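**Student:** Sequence:
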Amino acid sequence: METFMAYSRYDKKRKEEPRKYRYMTCEEAKKLAYGSHAKILDQYGNVADVKINGTPKTWKTRPFDVDIPWKYGMYEYGKERFRAHIPETDLVVEVKD
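In our numbering, the protein residues as written are 57 to 153.
No lab work stands behind these hints: they were computed from the structure.
Nothing here was measured: the structure is a model prediction, and the numbers come from that model.
Where hints are given, some of them may not hold.
The calculated PhoX-like cross-link candidates involving lysine-lysine, where the alpha carbons are at most 25 Å apart (straight line), are [stated by the list, open to error]:
1. K76 x K95
2. K135 x K76
3. K76 x K86
4. K127 x K87
5. K116 x K87
6. K135 x K71
Turn these sequences into a full structure, and let the hints guide you.
**Tutor:** Here is the structure:
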């Protein structure tokens, strides 16, 4: 799986160091539950923590399509869509060496 380097949104050090991440797979996304936490790549390329705001929605006829609702802060909501023809989304997993 391809990895990339990104900065965490929560590092307040003077010289912050980028961490290694990879994109979440569809199987990992299906295991997320309501109330669990995940990491998402924001529009600036930084990684932020989000709360899963519902159960992942799947379909019988399309098992590789998943919708995952998330919440960030008090007012920001969104939905990540995993589609079979688009393998990469904004949900990421930190890679530990």
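**Student:** Taking each numbered hint in turn, which are not upheld by the structure, reported in ascending numerical order?
**Tutor:** Number 6 - this is the single hint that the structure violates.
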